[in-house]
Amino acid sequence: MSDTVIEPAVEYPPVVFTQDKIGWTAWLQPLAEVELTDRHYEALVDKARAKSAYFALLVRDPDILEARTKTDNDIFYNTKDGLPRAERELAATAASRLNGCILCASVHSRFASQYSKREADVQKLLDEGVTADLGDRWNAIVAASVALSATPPAFSADHAKRLRDVGLSDEEISDVVHGAAFFNWANRLMLSIGEPTPAS
Amino acid sequence: MTDTIDVIDHLVGITPDTPADALRGRRPITREHAHKSWTALFEPVDASQASRVERFAVATFVAALHADQGIAEFYGNKLAGLENGAVVLATIKALAELNATKGPYGHYPDGPLSAENTDGLILKLGPADRAVLGDRLAAALEHAHLLTYRPRDASPAELQKLLSAGWSTTGTVTLSQLVSFLAFQIRVAAGLRVLAAA
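If you read the sequences in order, they're chains A and B.
Numbered by the working numbering, the letters in the first sequence go through residues 1 to 200 in order.
Numbered by the working numbering, the letters in the second sequence go through residues 1 to 198 in order.
Among these hints, one or two may not hold up.
Below, in silico cross-link-like pairs of lysine-lysine (DSSO-like), each with a Cα-Cα straight-line distance of 30 Å or less [claimed, not checked]:
(1) B:102 with B:78
(2) A:51 with B:102
(3) A:124 with A:21
(4) A:21 with A:51
(5) B:36 with A:47
(6) A:161 with A:80
(7) B:78 with A:80
(8) B:102 with A:124
(9) A:117 with A:70
(10) B:78 with A:70
(11) A:161 with B:78
What the simulated footprint calls covered on chain A by chain B, stretch by stretch (three residues with Cβ under 8 Å from a Cβ of chain B suffice, anywhere in the stretch; the number is not a length) [as the list claims (entries may be wrong)]:
(12) 11-22
(13) 26-34
(14) 61-67
(15) 124-132
(16) 145-154
(17) 162-174
(18) 187-200
No wet-lab data here; the hints were simulated from the structure.
Virtual Cβ for every residue (Gly too), placed ideally from N, Cα, C.
Generate the whole structure from the sequences, applying the supplied hints.
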């Protein structure tokens with residue numbers, strides 16, 4: 001009965017990459033809050049996500065949502081060591097810019113700006129694309145993220161060397177790899193089960 | 001085997017007490033939940049909305065489209081062990097060889113980004129392949145090709161093709177997670193291989 005596609009007919013959809021707080025609407029029916037069991041809430045990890053159409057749709061398969069969310073949280077929020085949060089968000093933004101996920105790029109470019117205080121450089125990446133000149137260190141991180149995001153992936157020893165040359169340890173390079181790789185998961189999900197809506 | 005051995009370690013060939021093992025060991029939560037993601041998708045508690053053959057068939061196809069022969073073989077071997085798997089595997093291998101390309105490409109919503117639109121291969125299976133695979137798996141492979149190479153071309157009409165072929169809403173969510181997870185797993189493996197070789 002719920003197995004129908006939703007065609008939301010969004011007015012004034014976002015058509016450029018932006019750091020604004022835009023929204024998202026689903027193409028398939030999310031679970032309503034009254035349908036959620038304890039297992040669903042556990043899988044949402046953060047209960048507030050029951051209000052999000054994206055997570056309320058993904059929670060239809062709770063096991064993969066829970067494991068995915070815990071992978072995501074560790075890759076981005078576990079900053080007791082390794083690559084600074086700002087540069088993990090830069091890797092996420094670069095992957096999203098390449099793949100074309102306007103919503104993913106908006107969320108993570110905002111985080112990249114917030115943690116780096118380099119809002120103009122982040123905007124340059126959104127406006128000019130993944131070849132924008134952002135200085136040696138960021139250029140190396142973006143180039144590595146983009147190479148890894150190509151299909152097939154083209155990340156090579158040259159990309160790793162370039163990252164070492166701008167001061168990253170192998171532990172930090174691994175954080176770049178995980179940040180960019182994770183957004184190849186996130187971009188495909190977010191692009192394929194719904195679409196962005198304008199800032200309210 | 002998959003209960004005790006971490007799948008990404010297995011795919012990359014990471015052995016204990018090597019530098020690559022140390023890199024993974026410093027992020028134990030990521031390692032644990034990347035593996036749990038795998039078991040959620042490939043050792044499902046409930047396979048009613050997406051069968052094991054469908055899961056391993058799509059995974060084999062997606063890995064082959066990423067030109068990762070080792071990972072394609074890993075999923076292909078598991079597919080071959082399932083009922084009717086060997087026949088499906090032969091078709092998938094042939095389809096992947098014919099339809100492998102380079103991504104990402106695709107179209108943006110109409111506007112300034114239209115200048116960045118790029119075209120590429122759109123997979124449409126013929127009647128002979130459909131006869132072997134069935135409507136559900138044929139639709140899943142077409143969608144997996146789209147998601148792998150041109151995710152920004154996704155649309156409600158593309159999801160409708162899955163529903164029309166017999167996929168449920170929940171099954172479509174699982175399929176989307178599976179293809180998207182593979183895009184992650186294959187790239188983590190690719191990155192770790194470079195770091196392990198250094």
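Checked hints:
Using a Cα cut-off of 30 Å, the hinted pair residue 102 of chain B and residue 78 of chain B holds, with the two alpha carbons roughly 26 Å apart. Proximity of residue 51 of chain A to residue 102 of chain B is assessed by CA-CA distance (about 37 Å); at most 30 Å being required, the pair is judged violated. Restraint check for residue 124 of chain A and residue 21 of chain A: satisfied, since their Cα atoms lie roughly 18 Å apart, inside the 30 Å limit. A distance of roughly 17 Å separates the Cα atoms of residue 21 of chain A and residue 51 of chain A; the hinted pair therefore holds under the 30 Å criterion.
Restraint check: the Cα-Cα separation between residue 36 of chain B and residue 47 of chain A comes to about 21 Å, which is no more than 30 Å; the hinted pair holds. At most 30 Å may separate the alpha-carbon atoms for a hinted pair to count; residue 161 of chain A and residue 80 of chain A meet this at roughly 24 Å. With a C-alpha separation of about 38 Å, the suggested pairing of residue 78 of chain B with residue 80 of chain A is violated against the 30 Å cut-off. This hinted pair checks out: residue 102 of chain B and residue 124 of chain A have alpha carbons roughly 26 Å apart, not beyond 30 Å.
Straight-line distance between C-alpha atoms of residue 117 of chain A and residue 70 of chain A comes to about 27 Å, which keeps the hinted pair within the 30 Å bound. Restraint check for residue 78 of chain B and residue 70 of chain A: the C-alpha separation of about 27 Å stays at or below 30 Å, so the hint holds. For a cut-off of 30 Å, the pair hint linking residue 161 of chain A to residue 78 of chain B is broken: about 36 Å separates their Cα positions. Counting residues of the stretch 11-22 of chain A whose beta carbon lies closer than 8 Å to any beta carbon of chain B gives 5, which reaches the threshold of three, so the coverage claim holds.
Chain B is given as covering the stretch 26-34 of chain A, and this holds because 3 residues of the stretch bring a CB closer than 8 Å to a CB of that chain, at least three being needed. Counting residues of the stretch 61-67 of chain A whose C-beta lies closer than 8 Å to any C-beta of chain B gives 6; at least three are required, and the coverage claim holds. Remark: the stretch 124-132 of chain A is not confirmed as covered by chain B, as 1 of its residues place a Cβ nearer than 8 Å to a Cβ of that chain, below the required three. Counting residues of the stretch 145-154 of chain A whose beta-carbon sits less than 8 Å from any beta-carbon of chain B gives 6, enough to reach three: the coverage restraint holds.
By the rule of at least three residues with a Cβ nearer than 8 Å to a Cβ of chain B, the coverage given for the stretch 162-174 of chain A holds, with 4 such residues. With a threshold of 8 Å between beta carbons, the proposed coverage of the stretch 187-200 of chain A by chain B holds, since 6 of its residues qualify and at least three are required.
Going down the numbered hints, you'll see the structure goes against 2, 7, 11 and 15, while the others check out.
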